[in-house]
Each structure stands twice: as structure tokens, then as C-alpha cells.
Amino acid sequence: GENVEQHPSTLSVQEGDSAVIKCTYSDSASNYFPWYKQELGKRPQLIIDIRSNVGEKKDQRIAVTLNKTAKHFSLHITETQPEDSAVYFCAATSNAGGTSYGKLTFGQGTILTVHP
Amino acid sequence: SAVISQKPSRDICQRGTSLTIQCQVDSQVTMMFWYRQQPGQSLTLIATANQGSEATYESGFVIDKFPISRPNLTFSTLTVSNMSPEDSSIYLCSLRDGGQSTEAFFGQGTRLTVV
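Those protein sequence lines, which keep their order, are chains A and B.
Residues in the first sequence are numbered consecutively from 1, following the numbering used here.
Residues in the second sequence are numbered consecutively from 1001, following the numbering used here.
Simulated from the structure, these hints should not be mistaken for lab results.
Worth double-checking, as some hints may not be accurate.
[Claimed, not checked] Below are the DSS-like pairs computed for lysine-lysine, each with C-alpha atoms no more than 25 Å apart in a straight line: (1) B:Lys1007 x A:Lys37; (2) A:Lys37 x A:Lys58; (3) A:Lys42 x A:Lys22; (4) A:Lys58 x A:Lys71; (5) A:Lys42 x B:Lys1007; (6) A:Lys68 x A:Lys37.
[Unchecked claim] Covered by chain A, per the in silico footprint, the following chain B stretches (three or more residues, Cβ under 8 Å): (7) 1037-1051; (8) 1107-1113.
[Unchecked claim] If the Cβ cut is set under 10 Å, some of the chain A residues that face chain B in the computed set are: (9) Gly41; (10) Lys42; (11) Gln45; (12) Val87.
Quick caveat: nothing in here was measured; it's all calculated off a predicted structure.
Built from N, CA and C at the ideal position, the CB exists for glycine as well.
Chain B extracted, bound-state conformation (with noise of 0.2 Å):
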């Protein structure tokens, strides 16, 4: 299985800047997506990432909030800008190395708050 590589693992940021979160592969993945879990929440997807094009986002998600980059089949990474405290929530990576009815694997996560 891949290993997956995402930092920060945690951070505390003002409201108005942006963090940019990353997503390492060990190897080259097709799938990758970014999903974000609100405080005793469920998993929402974000987008997406999409190698070589633009990311696709989920109804309630916009670029110019959530940008993401996938420059090559083993990194990502996800924005976010102009932070309000509703911002606040976990963010994982998470990837799938077959087809799609295999296997997803997660990021540790990186625990954002917003003050």
C-alpha cells in the first residue's frame, strides 16, 4: 500500500491568511482527493486532484477558496485562503492506487484552526 506523507500535521493561523497544506506519495497514484472533516463530523469531499488539469470540486467548493495543485502522479497540495474561523476543521488527502472499488488510504490529516 502507499505511504502518505501530509503536513503540517497541525497549525494555528489568523483569520485573512491562507495555508497551504501537502500530500506525498511514495509512489505514483491515479486518484487523489481532498476531503475535509468539521469537529464530530463526517468526511466531505473537496475536490478532486487532478494531474495535469484543473481539480474537480464538489457542489459548496470553489477554486478561489480551496486551490489545489497536482503537479505529478505523487504530490498534491490544498489552499486555503482567506481563513475565517469557520475554517477550522480537519483536512485529510487521501488517495486510491487501483481502480475504484479498491482501497483508500488517508493522510494523517492536518488540524487547522483558525483564530
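Isolated chain A (complex conformation) (with noise of 0.2 Å):
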């Protein structure tokens, strides 16, 4: 099956600069590639996805790129601010068939702290 890691695990910043997060992902077949934002006691909630048969893909201060060759897909986020601070979770989809179909797997997540 799929298999995500997520690097790196916490990841502390200044106000205004730049944050990434890497994932790679195991299975060639995975199409799509969401990334999750999860603040303290609350669900996951999307913040971007990418699918396949996009290269990069920005919203505001988010961007995603997905290297398909290399099976790997970063998340930048720029002109952080403190409010960005949360849990954040890449995952990949499975493209397996039958019961399996459209599960997710998630990377083991990144804690953003972004100082004032």
C-alpha cells in the first residue's frame, strides 16, 4: 500500500518568512495530493491540493508542487503569520480499486510555530 513521509516533523519560524514541508509518497499510482491544516482541537481542514497532472499550484500565500518522477510534493507557505501556526498533514491517495478506493494516506504531520 501507500506510503507517505513528511518532513520535517515541527518547523519554527519568524513572522514574514517562508515555510515548507516536504512529503514523498511510495505508490506511482497515487493521483492527488491534498494538504490538511489542523489547528488544536479541531478536524483537519484542506488548505490545497494538487492532482497528477498539475505540476505546481498556488492559492494566496499557499503553493503546492508535485514532482511525479521523484514522487515527492511540497507545501510553501509565504509571508507567514501567526495565525499559520497549526499541525499541518500531507497525504496521497491510493489508486487502488474495489474497497480500497479513495482512501487516504496521511504523512505523520508537521507542527508550524510562527513567532510574532
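Got two chains here, each in a separate frame; can you build the complex from them with the hints?
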């Protein structure tokens, strides 16, 4: 099955700096890669996603890049703000069919702290 | 996007007992999933809840411990059976209401503490 590795596990930046979180995946058939933000005590919320037919996607201060050949994808947050502080999870969808269809495999998570 | 109602939001249970968590969706969805999130950890898939058939369990999770029901396309339950303190965790239901390249939504989670 799919295996997703995420680094770093913790990331501390100053307000206004950029933050980059990286993930690698193992299943070359995976074709959908979302990023979730989880604030303390709350449910994960999608912040951006990318499909395998796209190399990069941007939404204001957030961007995601995908390298299918190397099987890795990255989250980039520019001009970080204290409210960006949270746990971020990458994920990948296994392309397996049948009853495994659509399940997400998550990375280990990155605790991002943005210092004012 | 679908609205998910998960309950209870939290519970404290005695070891050896069982707890059933409910997940109600305001529209019919094909794919529903149950995840466990241990303190400070990532989300681990327990099983895929299939409508009209038995759930598909991931490695390390068994039906006797985590029986799942999916009687229709808007509702699912997860039972944590014969609980021990190691079962203390957050349990989340999730759904995807489109193809597998679409956003997954999560319930608000059930924080379970077993004493």
C-alpha cells in the first residue's frame, strides 16, 4: 500500500518568513495530493490540493509543487503569520480499486510555529 | 460541500465497555471512512465503511474490536469494543462526495478517554 513520509516534524519560523514542508510517497499510481491544516482541538481542514496532471498550484500565500518522477510534493507558505501556526498534514490517495478506492494515506504531520 | 455531524464529541469510558460513535451526513455520499488520531500523531485509517456490505479494515484493525455499520449512504457508526486505556484517542469519520481526486471532509471528531 501507499506510504507517505513527511518532513520536518516541527518547523519554527519568524513572522513574514517562508515555510516549506516536504512529503514523499511510494505508490506511483497515486494521483491526488491534498494538504490539511489542523488547529488544536479541531478537525483537519483542506488548505490546498494538487492532482497528478499538474506540477504546481498556488492560492494566495500557499503553493504546492509536485514532482511525479521523484514522487515528492511540497507545501510552501510565504509571508507567514501567527495564525498559520498549526499542524499540517500531507496525504496521498491510493489508486487501488475495489473496496480501497478513495482512501487517503497521511504523512506524520508538521507542527508549524510562527513567532510574532 | 457535505455537512457532517459526529457524536459524541467526547466521552470518558470505563475499561471493558464499548462506545458507539455516530456520523450523519446531510447528503448521500459514496465513500465514508473512519480514522484514529492518537495524541500528537497523524491520522490512521481504521476502515472504509461500505454501504450494504462489510467494512474493509486496514492492517492492524479488526472487525471484532471496531465493528462498523453503514446502513445507508448518509449514516455510519463505529464501535470501539472492550476498551482499554490504549484506545484513548480521537476518532474521526470522513467522507468524499466525489471521485477519488476530490476533497475529503472530516467530522469534528470524538475524543475518547478510557479509564
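Q | Pair hint outcome, lysine 42 of chain A versus lysine 22 of chain A [Cα-Cα no greater than 25 Å] | A | Roughly 23 Å between the alpha carbons, so the hint for lysine 42 of chain A and lysine 22 of chain A holds.
**Q.** 25 Å limit on alpha-carbon distance, applied to hinted pair lysine 58 of chain A and lysine 71 of chain A
**A.** 19 Å, holds
Q.
Please check whether the stretch 1037-1051 of chain B has three or more residues whose CB lies within less than 8 Å of a CB on chain A.
A. holds (count 7)
Q. Taking the least C-beta to C-beta distance, is valine 87 of chain A closer than 10 Å to chain B?
A. 9 Å, holds
Q) Would the pair lysine 68 of chain A and lysine 37 of chain A pass a check requiring their Cα atoms to be no farther apart than 25 Å? A) This hinted pair holds, its Cα atoms lying about 23 Å apart.
Q.
For a C-alpha distance cap of 25 Å, please report whether lysine 42 of chain A and lysine 1007 of chain B respect it.
A. Status holds; Cα separation ~14 Å.
Q) Under the criterion that the straight-line Cα-Cα distance not exceed 25 Å, is the pair lysine 37 of chain A, lysine 58 of chain A satisfied? A) Since the Cα atoms of lysine 37 of chain A and lysine 58 of chain A sit roughly 16 Å apart, the hinted pair holds (cutoff 25 Å).
Q) If you look at each residue in the stretch 1107-1113 of chain B, do at least three have a Cβ nearer than 8 Å to any Cβ of chain A? A) Per the Cβ count (3), the hint holds.
Q: Double-check glutamine 45 of chain A for me: the hint is only fine if its C-beta lies closer than 10 Å to a C-beta in chain B.
A: 8 Å, holds
Q.
Let's test the interface hint: is any C-beta of chain B closer than 10 Å to that of lysine 42 of chain A?
A. Hint holds; lysine 42 of chain A Cβ to chain B Cβ min 8 Å, cut 10 Å.
Q) Between lysine 1007 of chain B and lysine 37 of chain A, is the straight-line Cα distance small enough, at 25 Å or below? A) This hinted pair holds, its Cα atoms lying about 22 Å apart.
Q. Any CB of chain B closer than 10 Å to the CB of glycine 41 of chain A?
A. OK, holds: glycine 41 of chain A within 10 Å of chain B, min 8 Å.
Hint check: no violations occur; every hint is consistent with the structure.
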